[in-house]
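> So for the sequence shown, the working numbering puts the first residue at 1; every next one is plus one.
Source of the hints: derived by calculation from the structure; they are not laboratory data. Among these hints, one or two may not hold up.
Result set (SDA-like, lysine to any residue): computed pairs, CA atoms no more than 20 Å apart in a straight line [as the list claims (entries may be wrong)]:
{"#": "1", "residue 1": "K133", "residue 2": "A228"}
{"#": "2", "residue 1": "K133", "residue 2": "D143"}
{"#": "3", "residue 1": "K133", "residue 2": "V251"}
{"#": "4", "residue 1": "K133", "residue 2": "V159"}
{"#": "5", "residue 1": "K133", "residue 2": "D144"}
{"#": "6", "residue 1": "K133", "residue 2": "A121"}
{"#": "7", "residue 1": "K133", "residue 2": "E249"}
{"#": "8", "residue 1": "K133", "residue 2": "R122"}
{"#": "9", "residue 1": "K133", "residue 2": "P119"}
{"#": "10", "residue 1": "K133", "residue 2": "A232"}
{"#": "11", "residue 1": "K133", "residue 2": "E161"}
{"#": "12", "residue 1": "K133", "residue 2": "P173"}
{"#": "13", "residue 1": "K133", "residue 2": "A120"}
{"#": "14", "residue 1": "K133", "residue 2": "W160"}
Computed spacing ranges between beta-carbons, pair by pair [to be verified]:
{"#": "15", "residue 1": "G163", "residue 2": "T382", "range": "42 to 48 Å"}
{"#": "16", "residue 1": "D143", "residue 2": "A440", "range": "31 to 37 Å"}
{"#": "17", "residue 1": "H124", "residue 2": "R357", "range": "48 to 54 Å"}
{"#": "18", "residue 1": "E128", "residue 2": "R267", "range": "22 to 28 Å"}
{"#": "19", "residue 1": "R234", "residue 2": "E211", "range": "26 to 32 Å"}
Since we're looking at a predicted model, the values are computed, not measured. Note that CB positions come from ideal geometry on N, CA and C, so glycine has one too.
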Amino acid sequence: MTGYEEGGDKGGGDRPPARDIPRSPFVRNARLAGLPLGFAGRSALRIGRRLLGQPDDLVTAELQRRTGRHLFRVLGELKGGAMKFGQMLSVYEAALPAEAIGPYRAALTLLQEAAPALPAARVHAVLEAELGKDWRTRFVSFDDMPAAAASIGQVHRAVWEDGRAVAVKIQYPGAAEALLGDYARLGRLIRLFSVAAPGLDVEPMVGELRERVTEELDYRLEAAAQQAFADAYRSDMDVLVPDVVTFTERVLVTEWMDGTPFATVIREGSQAERDETGLRYARFLFSGPERAGHLHADPHPGNFRRLDDGRLGVIDFGAVKHLPEGFPPALGNLNRLVHQGDWAAAQDLLVQEGFIRSAAPADHAALASLLLPVATPSAAETYRFTRAWLREEVVQSFDWREGGLVRRFNLPPSYVLVNRVIGAATAVLCQLECEIPFRAEALRWLPGFAGPEAGSPVAEPRRRQP
């Protein structure tokens, strides 16, 4: 199975007809507003069918199936921030009750691996603008049918002029306007959220998000990040990152990589395969800052593959955070303090780092509810991640009552992407339902976790024989 396809689908199946990205904010808002209206209309149809005597379970299943397909179609066609939101939902479905999310899981999974694609003529126009009128001479062959289509670009399979199989990532015309416009609307939603969480310092957080999103639109930055990872993990026993071949601001050509999408591993993988894949996924995310100087900041399943030899393949580096000094030591220190039950020191650290904007003493039980979901997996030698555990922890950690700790909680700008990675990666591990030696990875890669007295050298990463 090729690394950029789900089940060999190349534009057919559930993928809607090709069309350009809607650029107008009025059109985009209307399409998003149509989601609940469409659901209301289908609900009315459901009532009518029930009155005509059709079985309730069949009518409900049809409603859910059609709603899921509508969700995929609208978010996929809008692309930009709207589709990224759908991809986020696809990650966090592990935290939602099965009876609520189950019928829509297939539609959300499609957003990880496929989306409505642009017509070939539009693709050729971008290639001509970026690579020149003679762009076809750079390729031995170029497949006009995309292998994958995502939020701001789509990938085509081709053969480069030197005979290498390559993936050609092409940014959609209008992707910048769509993505930045959607995130502006997201910023307004975050500002509304601050009513429930008065401790949230919204403006710096929105600014950090916008800056990172703007970087994602420049494929030259992505090329630099991907090559940094490719060099850092070259000949690694656990991870493969394809080399960059060439790039411009809106076109990125990298070596092609075959592999099985995470969605397939989650759905069909054996327990051993899911355990092995989960370990390598966690190890890659943990080790990136120390080994490559960057944190891979978009850990949704569509960006990862299980290769035939068991290694983890990584194919998208549009969202990264520059961490040349490795992870902030506060993360490891906080985990250690939680395991020690030193809640006073944990609170002091949260205040010092800007997570809590008031030094007023916090209830230790409230602190435990907030911090244990992050620290629990590293408490024992191995941990089994499950959807049931994640659902329970999400419910336990939020207390919105007046004076509750969540209402004092803040997310400092420097931790926005780090927090996103921790949350999303935990959800993906729960989708895999894997059991892995998580504590060993935390000890190996998180500064401060082993304690200030720890001074033993870190083992060298495993290397493949040349």
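> Tell me the hint numbers this structure goes against, listed in increasing order.
Numbers 1, 10, 16, 18, in rising order.
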